[in-house]
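Undergrad: Residues per chain are reported as follows:
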Amino acid sequence: MRMQAMAAIIKKDIKSISDNIQIWLPLIILPLVFAIIIPTVLIILAKTQNISAINGIDLILKTIDKFPAHMEVHTFSDINQKVLFLVLNFMFIPFFLMIPAMISSTTAAYSFVGEKEKKTLESLLYTPISEKDLFVAKILGPFIASAAVTIFCFICYGIVVDVLTYNIFGKLILPRLNWLIAVFWLSPILSIFAIFFNVYISARVKGFQEAYQLGALIVLPIVVLLYSQLTGLLLLNNIILFLFGLVLLIVSVILIVKTGKSFTRNKLFLSQIK
Amino acid sequence: MNTNEFVINTQGLSKNYNGVQAVKSLDLKVPKNSIFGFLGPNGAGKTTAIKLLLGLTRPTSGSGSIFGQDIVKDSVDIRKRVGYLAQDPRFYGHMTARETLRFKARFYYHGPAAEIEKRITETLELVGLSDKADRPINTFSGGERQRLGIAQAQINYPDLLILDEPAASLDPMGRRDVLEVMERLQKYSTIFYSTHILDDVQRVSDSVAIVNYGELVAQASIQDLLAGSQGTIYSLDIEGEASQARARIADQAWVSGIDITSAKGQNTWQVSVTDDEAAKAQLLRLVLADEQLTITRFGRKTYKLEEIFMNIVQGGNHG
Numbered sequence: 001m002r003m004q005a006m007a008a009i010i011k012k013d014i015k016s017i018s019d020n021i022q023i024w025l026p027l028i029i030l031p032l033v034f035a036i037i038i039p040t041v042l043i044i045l046a047k048t049q050n051i052s053a054i055n056g057i058d059l060i061l062k063t064i065d066k067f068p069a070h071m072e073v074h075t076f077s078d079i080n081q082k083v084l085f086l087v088l089n090f091m092f093i094p095f096f097l098m099i100p101a102m103i104s105s106t107t108a109a110y111s112f113v114g115e116k117e118k119k120t121l122e123s124l125l126y127t128p129i130s131e132k133d134l135f136v137a138k139i140l141g142p143f144i145a146s147a148a149v150t151i152f153c154f155i156c157y158g159i160v161v162d163v164l165t166y167n168i169f170g171k172l173i174l175p176r177l178n179w180l181i182a183v184f185w186l187s188p189i190l191s192i193f194a195i196f197f198n199v200y201i202s203a204r205v206k207g208f209q210e211a212y213q214l215g216a217l218i219v220l221p222i223v224v225l226l227y228s229q230l231t232g233l234l235l236l237n238n239i240i241l242f243l244f245g246l247v248l249l250i251v252s253v254i255l256i257v258k259t260g261k262s263f264t265r266n267k268l269f270l271s272q273i274k
Numbered sequence: 001m002n003t004n005e006f007v008i009n010t011q012g013l014s015k016n017y018n019g020v021q022a023v024k025s026l027d028l029k030v031p032k033n034s035i036f037g038f039l040g041p042n043g044a045g046k047t048t049a050i051k052l053l054l055g056l057t058r059p060t061s062g063s064g065s066i067f068g069q070d071i072v073k074d075s076v077d078i079r080k081r082v083g084y085l086a087q088d089p090r091f092y093g094h095m096t097a098r099e100t101l102r103f104k105a106r107f108y109y110h111g112p113a114a115e116i117e118k119r120i121t122e123t124l125e126l127v128g129l130s131d132k133a134d135r136p137i138n139t140f141s142g143g144e145r146q147r148l149g150i151a152q153a154q155i156n157y158p159d160l161l162i163l164d165e166p167a168a169s170l171d172p173m174g175r176r177d178v179l180e181v182m183e184r185l186q187k188y189s190t191i192f193y194s195t196h197i198l199d200d201v202q203r204v205s206d207s208v209a210i211v212n213y214g215e216l217v218a219q220a221s222i223q224d225l226l227a228g229s230q231g232t233i234y235s236l237d238i239e240g241e242a243s244q245a246r247a248r249i250a251d252q253a254w255v256s257g258i259d260i261t262s263a264k265g266q267n268t269w270q271v272s273v274t275d276d277e278a279a280k281a282q283l284l285r286l287v288l289a290d291e292q293l294t295i296t297r298f299g300r301k302t303y304k305l306e307e308i309f310m311n312i313v314q315g316g317n318h319g
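So the protein sequences, as listed, match chains A and B.
Under the numbering used here, the very last position in the first sequence is 274; numbers go up by exactly one each time.
Under the numbering used here, the very last position in the second sequence is 319; numbers go up by exactly one each time.
List time: in silico SDA-like cross-link candidates among lysine to any residue, alpha-carbon distance up to 25 Å:
| no. | chain 1 | residue 1 | chain 2 | residue 2 |
| --- | --- | --- | --- | --- |
| 1 | A | Lys15 | B | Arg135 |
| 2 | A | Lys62 | A | Thr48 |
| 3 | A | Lys119 | B | Gly93 |
| 4 | A | Lys62 | A | Ile79 |
| 5 | A | Lys119 | B | Met95 |
| 6 | A | Lys66 | A | Ile239 |
Simulated coverage check for chain A against chain B, where a stretch passes if three residues somewhere in it have a Cβ under 8 Å from a Cβ of chain B:
| no. | segment |
| --- | --- |
| 7 | 10-17 |
| 8 | 113-120 |
| 9 | 126-132 |
Label-pair ranges, simulated between beta-carbon atoms:
| no. | chain 1 | residue 1 | chain 2 | residue 2 | range |
| --- | --- | --- | --- | --- | --- |
| 10 | A | Lys119 | B | Pro31 | 27 to 35 Å |
| 11 | A | Ala216 | B | Gln21 | 37 to 45 Å |
| 12 | B | Lys32 | A | Thr264 | 29 to 37 Å |
| 13 | B | Asp131 | A | Lys119 | 23 to 31 Å |
| 14 | A | Phe184 | B | Gln21 | 51 to 59 Å |
| 15 | A | Val251 | B | Lys32 | 50 to 58 Å |
| 16 | A | Ala216 | B | Ser141 | 37 to 45 Å |
| 17 | B | Gln21 | A | Lys15 | 39 to 47 Å |
| 18 | B | Gln21 | A | Ile240 | 53 to 61 Å |
| 19 | B | Asn33 | A | Val251 | 52 to 60 Å |
| 20 | B | Gln21 | A | Leu234 | 53 to 61 Å |
| 21 | A | Leu235 | B | Asp74 | 51 to 59 Å |
| 22 | A | Ala216 | B | Asp74 | 36 to 44 Å |
Keep in mind the hints are simulated off the structure, nothing from the lab.
Heads up, the beta-carbon is just placed ideally off N, CA and C, and yes, glycines get one too.
Throw the hints in and build the complete structure from the sequences for me.
TA: Spelled out as structure tokens, the structure:
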């Protein structure tokens, strides 16, 4: 009965997101842009233009020079190949991480604060579901949505990149270990972190819009990562990706403990009547 | 009455919100299989008391039990057997009535989908929403939402049905239907409901509790409450010269007072008695000993609930 009730809540949450075009449309457009449109445009540019003539290319070439000598990027003699390999394999990872961050943040805000705003949370509170099961069910909805879209986008990205670059590199360049760590280790943890961050702020905000705007702060660390990549300050190698995930996991555990304490029927009911 | 015969039993149940005493030392006893009316003016604490019983909020002090289980520690188990209609039921607007009941049923039923659908269909018929079952709820009127709320409350064949203003938003026919549903369900459930519509309470309730400023000010069976706090009074309409009959009756040890009002040649007597059996046996005979008197009406005075309610709430009387 517990699993059935939790599954009903997850299904209801996913359906209410999919029924609201204002919520799901941006969540589909951004991943498609990052996973298909931008890489396609970049690859076509690399095939048709002389990359070494582009303004600012020196910055990227300097970044390549900072890569350890044994790395695969140095096996390419052509500048177009080097730059394309760097961008598609490393620079795109922070962009890609925005997908689970944004989806989790938006869906979690809708799942928690949206319910509080519409005062439908009470209808869940007086069912025979424990606070723990309700909490888990409300988290799983956004997590499943985020994981599904992230993996789908990764598959699309991989297909687009491999199909369009095969004649450039003479081989398939995806999937690679760093991408597998990013998609199957870092993305789920980032989703959980984004969800719990939103649960944490949901008790402190009045409506969905406020939660949505505050939840967007999640992308700040990703922007920092992107900047670090571009300037060569921090190269997202496998170890860095793994450690970043570990740090986020620890922070998530702290957030779980803090948010779990406030997820009681008494506090949730009081938050609805204020 | 044996405490096991009370479905709801509270002792000193209290709730304080930031210094405001919403519920004050509530000792509520709701008999099994009764229709129990929970009355009080706006802001009296009725909804807060209901939330305490359902475990939606914790008491500041005191305790309570439903089905013998503690309302704080065993609230999840209690809610498996309780159906609840909120004062202002909220639904997921994108769902239809059928989907809403299907969603609700998942919290209570684990069995063949066909059986659950059958229960959903029965419930929709019971509240008169069969023809609107597949429309989105955001197109429903207030009365239709109320009916859906009632359907949702009893999807799980609850042993206890708690209804917070069940007849609100309903027209007179809708109210009548709700009362009929409550009477039908009494065979299977105890029904505890709050309302402002005193005629409805008088019509269907077995027992009543009245709260005022968070405090229980009266709790009794409906008959005892309607009998009045002023003791037993017999009312007679008499035509003719009745001074001798009056003196005869006033002499009786079981008569504590006679109040006479006159209008259009008819006197109305309100005879307060201390011995109901003696009054039943002798009062009429004593009056009719004067053959010239005509009695056009005789009976025990019954109060309208509204009168008693107003006396208690405005006068600060405790029943």
